[in-house]
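S.K.: Okay, here's what each chain looks like letter by letter:
Protein chains: 2
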Amino acid sequence: MNALNVAEYVQTLGLQARQAAARMARADAATRNRALTRLAALLRHSAAPLAEANGRDLERAAAAGLPAPLQDRLKLTPTVIETVAQGCEQLAAMPDIVGEVTSLRQQPSGIRVGQMRVPIGVFGMVFESRPNVTVEAASLSIKSGNAAILRGGSEAIESNKALARLVQQALREAGLPEDAVQLVQTTDREAVGQLIAMPTYVDLVIPRGGKGLIERISREAKVPVIKHLDGNCHTYVDDPVDLEMAVRVTDNAKTQKYSPCNASEGLLVARGVAPAFLPRMGAVFAAKGVEMRCDAQAKAILQAVPGAQLKDATEQDWYEEYLAPIISIKVVAGVDEAIAHINRYSSHHTDAILTRDHLHAQRFLREVDSASVMVNASTRFADGFEYGLGAEIGISTDKFHARGPVGIEGLTSLKWVVLGQGEVRG
Amino acid sequence: MNALNVAEYVQTLGLQARQAAARMARADAATRNRALTRLAALLRHSAAPLAEANGRDLERAAAAGLPAPLQDRLKLTPTVIETVAQGCEQLAAMPDIVGEVTSLRQQPSGIRVGQMRVPIGVFGMVFESRPNVTVEAASLSIKSGNAAILRGGSEAIESNKALARLVQQALREAGLPEDAVQLVQTTDREAVGQLIAMPTYVDLVIPRGGKGLIERISREAKVPVIKHLDGNCHTYVDDPVDLEMAVRVTDNAKTQKYSPCNASEGLLVARGVAPAFLPRMGAVFAAKGVEMRCDAQAKAILQAVPGAQLKDATEQDWYEEYLAPIISIKVVAGVDEAIAHINRYSSHHTDAILTRDHLHAQRFLREVDSASVMVNASTRFADGFEYGLGAEIGISTDKFHARGPVGIEGLTSLKWVVLGQGEVRG
Chain A
1 MNALNVAEYV QTLGLQARQA AARMARADAA TRNRALTRLA ALLRHSAAPL AEANGRDLER
61 AAAAGLPAPL QDRLKLTPTV IETVAQGCEQ LAAMPDIVGE VTSLRQQPSG IRVGQMRVPI
121 GVFGMVFESR PNVTVEAASL SIKSGNAAIL RGGSEAIESN KALARLVQQA LREAGLPEDA
181 VQLVQTTDRE AVGQLIAMPT YVDLVIPRGG KGLIERISRE AKVPVIKHLD GNCHTYVDDP
241 VDLEMAVRVT DNAKTQKYSP CNASEGLLVA RGVAPAFLPR MGAVFAAKGV EMRCDAQAKA
301 ILQAVPGAQL KDATEQDWYE EYLAPIISIK VVAGVDEAIA HINRYSSHHT DAILTRDHLH
361 AQRFLREVDS ASVMVNASTR FADGFEYGLG AEIGISTDKF HARGPVGIEG LTSLKWVVLG
421 QGEVRG
Chain B
1 MNALNVAEYV QTLGLQARQA AARMARADAA TRNRALTRLA ALLRHSAAPL AEANGRDLER
61 AAAAGLPAPL QDRLKLTPTV IETVAQGCEQ LAAMPDIVGE VTSLRQQPSG IRVGQMRVPI
121 GVFGMVFESR PNVTVEAASL SIKSGNAAIL RGGSEAIESN KALARLVQQA LREAGLPEDA
181 VQLVQTTDRE AVGQLIAMPT YVDLVIPRGG KGLIERISRE AKVPVIKHLD GNCHTYVDDP
241 VDLEMAVRVT DNAKTQKYSP CNASEGLLVA RGVAPAFLPR MGAVFAAKGV EMRCDAQAKA
301 ILQAVPGAQL KDATEQDWYE EYLAPIISIK VVAGVDEAIA HINRYSSHHT DAILTRDHLH
361 AQRFLREVDS ASVMVNASTR FADGFEYGLG AEIGISTDKF HARGPVGIEG LTSLKWVVLG
421 QGEVRG
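Protein sequences, first through last, are from chains A and B. Those letters in the first sequence? Residues 1 to 426, per UniProt numbering, in order. Those letters in the second sequence? Residues 1 to 426, per UniProt numbering, in order.
The reader is advised that the hints may include incorrect statements.
One copy or two, it doesn't matter: identical chains are merged, so the pair holds either way.
[Claimed, not checked] As a list, the in silico DSBU-like pairs of lysine-lysine whose alpha-carbon atoms are at most 30 Å apart: (1) 288 x 222; (2) 75 x 311; (3) 311 x 161; (4) 311 x 222; (5) 211 x 222; (6) 222 x 257; (7) 227 x 211; (8) 299 x 227; (9) 299 x 161; (10) 222 x 299; (11) 222 x 75; (12) 311 x 257; (13) 288 x 161.
No wet-lab data here; the hints were simulated from the structure.
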């Protein structure tokens with residue numbers, strides 16, 4: 001396709017999605033849930049064709065010399081397929097929120113006023129590598145009564161096409177329009193430019209991938225974007241604190257996995273507990289090979305820890321999302337300095353306080369300006385499943401519309417409903 | 001000021017607002033309410049200086065030959081001042097929503113998860129002519145714990161300065177930072193360009209004024225915009241309907257005032273009731289000098305009405321927001337065609353069905369994709385005060401974050417709160 005044809009093709013997808021969205025908004029919950037359980041069954045019974053399509057992507061990836069971790073993420077193993085199938089069934093079992101009306105309150109004029117939860121309409125999703133996102137996005141879209149246009153990474157195109165075929169079959173068999181979930185079938189980059197710039201057909205774009213992709217889409221989009229830029233999360237160890245708990249939770253927040261956005265990248269320690277806490281914590285990090293980038297006070301204490309890999313932190317370190325066995329460490333005077341540091345350097349994703357002091361906990365919860373604020377828990381919990389949302393289409397670091405983990409509710413909006421008996425305005 | 005100085009000046013306002021916002025978020029409800037009641041008192045006791053400042057704006061407006069309706073909107077009459085003073089007191093009396101936490105739900109991991117309502121931070125407001133907006137925006141900002149930067153129209157600069165001085169005095173006397181509400185003191189257009197393009201300092205922009213202003217800001221803003229573009233609202237008279245009620249409500253929706261965005265610009269009539277309804281409705285419109293732009297069927301019926309000003313509707317008429325004694329009229333087959341017409345041509349602001357049929361009412365509520373959907377009530381009710389929001393900073397025609405009338409809640413966001421007892425992720 002040339003650029004003009006690509007633009008026309010994506011516009012056609014948009015028109016079809018808009019038409020399908022109107023039918024999805026009218027469909028009842030039972031029908032939408034039937035499509036989800038049907039999709040789960042189709043996924044389980046399509047091991048062979050999925051493996052075949054995925055194999056072609058993997059061959060191409062190997063031939064192109066894609067790094068091993070990226071090749072891993074491309075794999076549609078039986079475990080991955082079973083996980084997404086179960087995800088569809090869990091969504092089907094969740095309560096339906098579309099059409100829900102909040103309490104209708106009587107106003108002085110006599111009218112009753114409330115709000116109804118309704119689908120957004122059409123959303124576009126732009127994502128990289130992992131083909132299971134195709135099913136996750138499709139199932140969330142179906143559950144929330146929207147239509148979706150999915151644009152996956154070129155390296156997973158064959159797997160995504162095979163999965164999208166199953167999604168459309170499930171929609172058809174449930175009596176829903178198959179255009180309710182469409183995959184962009186070309187890998188042309190121009191398609192993304194068109195998808196994010198047609199407000200007539202697309203109400204919302206959700207990019208999921210590297211920072212470069214998200215920045216490009218935020219800059220160029222002509223429609224609202226739910227964006228997740230980066231996760232520079234902090235754990236603050238307050239005074240007083242249960243030291244054993246603080247070590248266990250901080251360890252989990254940093255080392256349980258290094259790559260997730262909700263891993264802690266910065267550790268702040270109250271001066272009063274630093275001499276007791278840091279040597280124990282430093283020993284754990286030393287044993288796990290975690291490099292510590294310290295301010296002068298933290299370094300002075302940690303130098304006594306055998307095997308500790310210490311570096312002097314630079315100003316840039318306080319901003320850094322390492323996604324690696326590296327952590328920045330700073331000793332602070334107390335909760336005030338901790339809150340000020342976090343509000344200055346954090347990416348407003350997730351920040352936690354570990355404390356026994358109730359007032360400090362309340363102040364931290366109220367004053368830290370992040371999507372998730374936690375007391376005595378690992379930042380690794382910031383996740384749609386752990387929050388009980390049933391599923392997650394992304395984690396928003398914006399303050400608008402959806403903040404933090406975004407589930408079905410983030411794909412809906414509230415419209416006002418007014419019921420009268422012929423009232424007029426005086 | 002030259003352009004460089006204007007940019008620097010507005011950045012300084014931004015920095016000051018950001019610092020004040022942190023203090024406003026920490027302030028308790030009683031302190032914020034005290035600032036509001038103090039502001040009401042100051043307004044009532046400042047009749048002379050306000051009249052003097054307003055007089056200078058009015059003189060300049062007269063000298064510049066501003067049209068009479070615009071000169072009227074500039075006037076700070078004692079009635080206007082009393083109204084905004086009462087608005088401040090009403091806001092002070094309303095429940096505080098900042099810091100409110102929804103039910104904390106226990107998750108399988110042991111953590112408890114809820115959401116806390118928090119101020120957005122800093123918002124910029126760009127508005128035209130009416131100086132009372134200065135007080136309305138300031139009081140909503142104080143109530144919601146935000147900081148605001150206000151940029152009013154150049155024609156009201158003296159009035160706005162006098163009002164902003166009272167707002168800052170009230171803040172100071174309540175022990176709050178006076179930078180929590182700042183007025184841009186220059187009328188240089190460059191100031192708006194800077195205000196909407198500094199995401200470090202401003203979290204949200206709310207334009208209020210003509211379509212040109214709002215389109216420019218939506219196009220150029222680097223931060224989220226709560227925008228209100230236009231109000232092409234519809235009243236659909238269904239079959240069956242109480243004819244007397246339908247005439248009364250439709251009359252109110254169109255003629256109670258012509259200029260508001262929630263006045264009905266389009267009338268749809270079900271074929272079955274058109275012969276009985278349209279002659280009665282047309283007589284009312286004829287008596288009030290309302291021009292009717294009709295499709296062929298409506299015109300055929302209305303031609304019998306003495307004194308009716310009839311024109312043939314063009315395709316463009318279905319899109320039009322007249323804000324004048326003009327209404328478009330179309331006969332439709334029934335509720336399906338009405339919903340389809342509205343979803344195609346409406347500006348998604350407010351649309352109403354007048355009906356006795358319960359199923360039609362339910363379908364209209366669910367399927368019409370507008371910020372407000374009404375049954376048996378005048379579209380003129382779409383308003384923050386009528387909805388019980390206590391105040392209104394604007395009406396959003398977007399689907400995101402805030403939809404329809406925007407009150408205090410629209411100036412807040414929900415962040416996630418997690419309470420644990422040392423839980424870690426497995």
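S.K.: With reference to the structure, classify each hint as holding or not holding.
M.R.: The hints, checked one at a time:
For the homomeric pair residue 288 and residue 222, neither the shortest alpha-carbon distance inside one copy (46 Å) nor that between copies (42 Å) is at most 30 Å. Within a single copy, residue 75 and residue 311 get their C-alpha atoms no closer than 37 Å, and across copies no closer than 65 Å, so neither meets the 30 Å cut-off. For the identical chains of this complex, residue 311 and residue 161 are neighbours neither inside a copy (47 Å) nor across copies (53 Å), given an alpha-carbon limit of 30 Å. In this homomeric assembly, residue 311 and residue 222 never come within 30 Å of each other (Cα to Cα): the closest approach is 44 Å inside a single copy and 37 Å across copies.
Taking identical chains as interchangeable, the C-alpha atoms of residue 211 and residue 222 lie at most 30 Å apart whether they share a chain (19 Å) or sit on different chains (18 Å). With identical chains, the CA atoms of residue 222 and residue 257 are never at most 30 Å apart, being 36 Å at best within one copy and 34 Å at best between copies. In this assembly of identical chains, residue 227 and residue 211 lie within 30 Å of each other by CA distance both inside one copy and across copies; the values are 10 Å within and 28 Å between. For the homomeric pair residue 299 and residue 227, neither the shortest alpha-carbon distance inside one copy (36 Å) nor that between copies (51 Å) is at most 30 Å.
When the C-alpha separation of residue 299 and residue 161 is checked against a cutoff of 30 Å, the pair qualifies neither within a copy, at 53 Å, nor between copies, at 53 Å. Within a single copy, residue 222 and residue 299 get their C-alpha atoms no closer than 48 Å, and across copies no closer than 40 Å, so neither meets the 30 Å cut-off. Neither within a single protomer nor between protomers do residue 222 and residue 75 lie at most 30 Å apart by alpha-carbon distance, with minima of 34 Å and 38 Å respectively. When the C-alpha separation of residue 311 and residue 257 is checked against a cutoff of 30 Å, the pair qualifies only within one copy, where the shortest distance is 22 Å, while the shortest distance between copies is 70 Å.
Proximity of residue 288 to residue 161 under the C-alpha cut-off of 30 Å is found in neither arrangement, the shortest distances being 41 Å within a copy and 61 Å between copies.
The earlier numbered hints that this structure contradicts are 1, 2, 3, 4, 6, 8, 9, 10, 11, 13.
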